[in-house]
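Asks: So the chains spell out like this:
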Amino acid sequence: EAGVTQFPSHSVIEKGQTVTLRCDPISGHDNLYWYRRVMGKEIKFLLHFVKESKQDESGMPNNRFLAERTGGTYSTLKVQPAELEDSGVYFCASSRRRDSAKNIQYFGAGTRLSVL
Amino acid sequence: AQSVSQHNHHVILSEAASLELGCNYSYGGTVNLFWYVQYPGQHLQLLLKYFSGDPLVKGIKGFEAEFIKSKFSFNLRKPSVQWSDTAEYFCAVNRDDSSASKIIFGSGTRLSIRP
Chain A
1 EAGVTQFPSH SVIEKGQTVT LRCDPISGHD NLYWYRRVMG KEIKFLLHFV
51 KESKQDESGM PNNRFLAERT GGTYSTLKVQ PAELEDSGVY FCASSRRRDS
101 AKNIQYFGAG TRLSVL
Chain B
117 AQSVSQHNHH VILSEAASLE LGCNYSYGGT VNLFWYVQYP GQHLQLLLKY
167 FSGDPLVKGI KGFEAEFIKS KFSFNLRKPS VQWSDTAEYF CAVNRDDSSA
217 SKIIFGSGTR LSIRP
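Going line by line, the protein sequences match chains A and B.
Read in the numbering used here, the first sequence has 58 at position 58, and its numbers run on one by one without any break.
To convert a position in the second sequence, counted from 1, into the numbering used here, add 116.
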């Protein structure tokens with residue numbers, strides 16, 4: 001079974017540019033999560049999809065961040081325009097069961113975003 | 117709000133030493149508890165979890181953790197570490213509530229093992 005894959009693994013952009021991160025969850029997993037780790041601090045939750053619907057987007061920092069999961073398969077996270085403080089590692093995770101917190105979330109390797 | 121506190125930012129040990137990484141969480145309700153590990157250059161992977169039952173849980177690679185509810189703690193232990201245990205370790209919790217499965221992570225503990 002293929003794991004959670006994220007693309008690109010590393011992105012370097014200039015302040016004001018746009019970047020789109022992609023996450024392919026494990027096949028059959030309804031839940032998809034985005035997290036972010038900034039400057040070696042804790043990994044923080046951004047948002048949670050159940051299939052194509054946003055279940056919880058309480059962690060999204062501001063309206064420069066837009067996440068989509070059209071068709072309930074892969075997801076994209078767009079940052080427009082990027083700011084210096086957006087630099088960090090963006091993790092995606094997926095889990096199978098829809099209605100339980102007793103999910104094991106499987107993580108991708110992350111996308112390291114560097115905004116210069 | 118929930119939070120997770122990991123006591124040590126960086127731990128350096130020699131091979132064969134015993135390991136204990138501290139973790140405390142704050143939340144008054146029922147929680148699920150996790151330890152994740154990230155080896156250099158690899159993705160985050162689950163080391164062990166506690167959902168219910170025996171508070172002493174065993175994970176992969178000889179790791180174990182004990183949930184002490186009265187202390188809001190979930191410390192990670194290993195009796196004898198190996199060089200290959202060099203990694204970053206994250207304690208994490210989520211509410212045992214189907215509508216709130218997001219995971220709250222601690223800030224991580226970097227473990228360096230001297231060969």
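Certain hints may be false.
What the hints assert, rightly or not - Below, a list of computed lysine-lysine pairs in the BS3-like style, where the Cα atoms sit at most 30 Å apart:
{"hint": "1", "chain 1": "B", "residue 1": "K174", "chain 2": "A", "residue 2": "K54"}
{"hint": "2", "chain 1": "A", "residue 1": "K102", "chain 2": "A", "residue 2": "K44"}
{"hint": "3", "chain 1": "B", "residue 1": "K174", "chain 2": "A", "residue 2": "K44"}
{"hint": "4", "chain 1": "A", "residue 1": "K102", "chain 2": "A", "residue 2": "K54"}
Quick caveat, the hints were computed from the structure, so don't treat them as lab data.
Asks: Could you run down the list of hints and mark each one as holding or not?
Replies: Results of checking the hints against the structure:
A C-alpha spacing of about 34 Å is found between K174(B) and K54(A), which places the hinted pair above 30 Å, so the restraint is violated. For the suggested pair K102(A) and K44(A), the alpha carbons sit about 19 Å apart, so the restraint of at most 30 Å is met. Restraint check for K174(B) and K44(A): satisfied, since their Cα atoms lie roughly 26 Å apart, inside the 30 Å limit. For the hint pairing K102(A) with K54(A), the CA-to-CA distance comes to about 19 Å; that is within 30 Å, so the pair holds.
In the structure shown, a violation is registered for the earlier hint numbered 1 alone.
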